[in-house]
Amino acid sequence: MHIAEGFLPPAHAVAWGIASAPFVVHGVRSLTREVREHPESTLLLGASGAFTFVLSALKLPSVTGSCSHPTGTGLGAILFRPPIMAVLGTITLLFQALLLAHGGLTTLGANVFSMAIVGPWAGYAVYKLLRRYDVPLMVAVFFGAFVADLSTYCVTSVQLALAFPDPSSGFLGALGKFGAIFAVTQIPLAVSEGLLTVLVMRLLVQSSKGELTRLGVLLAKKQSRSETEAVAR
Amino acid sequence: MSKNTKINILLLLVVAALAVLPLALGLGDHKEEPFTGADGEAETAITEIEPDYEPWFSPLYEPPSGEIESALFSLQAALGAGVLAYYFGLHRGRRQGEQRAREQEAERVPGGTAGEPPADED
Numbered sequence: 001m002h003i004a005e006g007f008l009p010p011a012h013a014v015a016w017g018i019a020s021a022p023f024v025v026h027g028v029r030s031l032t033r034e035v036r037e038h039p040e041s042t043l044l045l046g047a048s049g050a051f052t053f054v055l056s057a058l059k060l061p062s063v064t065g066s067c068s069h070p071t072g073t074g075l076g077a078i079l080f081r082p083p084i085m086a087v088l089g090t091i092t093l094l095f096q097a098l099l100l101a102h103g104g105l106t107t108l109g110a111n112v113f114s115m116a117i118v119g120p121w122a123g124y125a126v127y128k129l130l131r132r133y134d135v136p137l138m139v140a141v142f143f144g145a146f147v148a149d150l151s152t153y154c155v156t157s158v159q160l161a162l163a164f165p166d167p168s169s170g171f172l173g174a175l176g177k178f179g180a181i182f183a184v185t186q187i188p189l190a191v192s193e194g195l196l197t198v199l200v201m202r203l204l205v206q207s208s209k210g211e212l213t214r215l216g217v218l219l220a221k222k223q224s225r226s227e228t229e230a231v232a233r
Numbered sequence: 001m002s003k004n005t006k007i008n009i010l011l012l013l014v015v016a017a018l019a020v021l022p023l024a025l026g027l028g029d030h031k032e033e034p035f036t037g038a039d040g041e042a043e044t045a046i047t048e049i050e051p052d053y054e055p056w057f058s059p060l061y062e063p064p065s066g067e068i069e070s071a072l073f074s075l076q077a078a079l080g081a082g083v084l085a086y087y088f089g090l091h092r093g094r095r096q097g098e099q100r101a102r103e104q105e106a107e108r109v110p111g112g113t114a115g116e117p118p119a120d121e122d
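Protein chains in written order, with full-length UniProt numbering: chain A, 1 to 233; chain B, 1 to 122.
With the rest of the complex left out, here is chain A (with noise of 0.2 Å):
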């Protein structure tokens, strides 16, 4: 979903630039408050990052014979809701546009907000969703993931086909190729993404499960009661 740098046109970076920064600054504001108030989450916060860091390093094959790799981004949402990690996504993207020429600096805005800002939301709101029909932590947490994951690169689609529309085509001509390089790549990943969040989640409700509780993924008392001891079991 790295969009390389110089390949997006200067009136399309800079607004994909304006439309971004608010997200990121409002996401800052977000993580200072959530690290001043409850300075035990630092941790935490620093695992969600760190997977964001693993998962988007990780090229993996797919069934269209090319590579991909999956965000990470949707544990991070799930957890802290998805303005923490518009920053922490920057974060991952700014690292690999600076070390790794992997994306860029004027792609950077558009990047942000297909990764950073509309996988995380579209993710969360999945789970969020799915939760309020009592559907099962884990399977939330899947399709959450695998939401966050396949809609950052719908979105990196779009942004192509809006800067570089097909002469014969148009907008939708160039939608359909650019879709098909990353959107069929990403679904298989998309479900590697998710299983893997399903992982570490289960190994989270292990370990932390104070924490879960008060950042409201697992519900307090008698609920949650039930839910650990299935997961532990």
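Everything labelled a hint here was simulated from the structure, so no lab data went into it. Please note that the accuracy of each hint is not assured.
As the list claims (entries may be wrong) - When the alpha-carbon atoms are kept at most 30 Å apart in a straight line, the in silico DSSO-like pairs for lysine-lysine are as follows:
#, chain 1, residue 1, chain 2, residue 2
1, B, Lys-6, A, Lys-128
2, B, Lys-31, A, Lys-59
3, A, Lys-128, A, Lys-59
4, B, Lys-6, A, Lys-59
5, B, Lys-3, A, Lys-128
Stated by the list, open to error - According to the in silico footprint, chain A covers these stretches of chain B (three or more CB under 8 Å from chain A):
#, segment
6, 2 to 16
7, 23 to 36
8, 44 to 51
9, 71 to 85
10, 88 to 94
11, 98 to 106
What the hints assert, rightly or not - Quick list of simulated restraints, FRET-style, between CB atoms:
#, chain 1, residue 1, chain 2, residue 2, range
12, B, Gly-26, A, Gly-173, 25 to 35 Å
13, B, Glu-32, A, Asp-134, 32 to 42 Å
14, B, Pro-64, A, Ala-220, 47 to 57 Å
Glycine included, each C-beta is placed from N, C-alpha and C at the ideal position.
Following the hints, put chain B in place on chain A, whose structure we already have.
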């Protein structure tokens, strides 16, 4: 091995299978260069749609070779994995320490909670 551990290992195996299957089934064989990055393919698609497009900005720093690039990618993954391992190791140690403290407490106070099953395992 507990059922819990088995499920976790199963999750990892499915992820590994999802990564290996495209390679094993030769799903990249129809391509000139199998298993290139989707990001690179998008760049090619852009130049197909707009042959005149010139990237107007180049990266400030570019890894001088594929080896250096993969080293930096490994560094990124290693940093993340290290922090995650620290987190889970720390919590496991804390849990064990707390349990040990509870057991010692129970030994010191006869008739205490020694006989009861541990109510909370964290």
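Now for the hints, and whether the structure bears them out:
Annotation: proposed proximity of Lys-6/B to Lys-128/A holds, straight-line Cα distance about 28 Å (limit 30 Å). Annotation: proposed proximity of Lys-31/B to Lys-59/A holds, straight-line Cα distance about 18 Å (limit 30 Å). Distance hint between Lys-128/A and Lys-59/A is fulfilled; the C-alpha atoms sit about 29 Å from each other, no more than 30 Å. Straight-line distance between C-alpha atoms of Lys-6/B and Lys-59/A comes to about 26 Å, which keeps the hinted pair within the 30 Å bound.
Straight-line distance between C-alpha atoms of Lys-3/B and Lys-128/A comes to about 28 Å, which keeps the hinted pair within the 30 Å bound. Only residues whose beta carbon comes within less than 8 Å of a beta carbon in chain A count, and the segment 2 to 16 of chain B has 9; three or more means the coverage holds. Counting residues of the segment 23 to 36 of chain B whose C-beta lies closer than 8 Å to any C-beta of chain A gives 9; at least three are required, and the coverage claim holds. Restraint check on the segment 44 to 51 of chain B versus chain A: 4 residues with Cβ-Cβ distances below 8 Å, three needed, restraint holds.
Only when three residues or more bring their CB closer than 8 Å to a CB of chain A does the claim for the segment 71 to 85 of chain B stand; here the count is 11, and the claim holds. Counting residues of the segment 88 to 94 of chain B whose beta carbon lies closer than 8 Å to any beta carbon of chain A gives 4, which meets the minimum of three for the stated coverage. Residue count for the segment 98 to 106 of chain B with a Cβ under 8 Å from a Cβ of chain A: 0. That is fewer than the three needed, and the coverage hint is violated. For Gly-26/B and Gly-173/A, the hinted distance range of 25 to 35 Å is satisfied, since their beta carbons lie about 30 Å from each other.
Here the CB-CB span from Glu-32/B to Asp-134/A is close to 50 Å, at odds with the stated 32 to 42 Å. Hint check: Pro-64/B to Ala-220/A, Cβ distance near 54 Å, so the stated range 47 to 57 Å holds.
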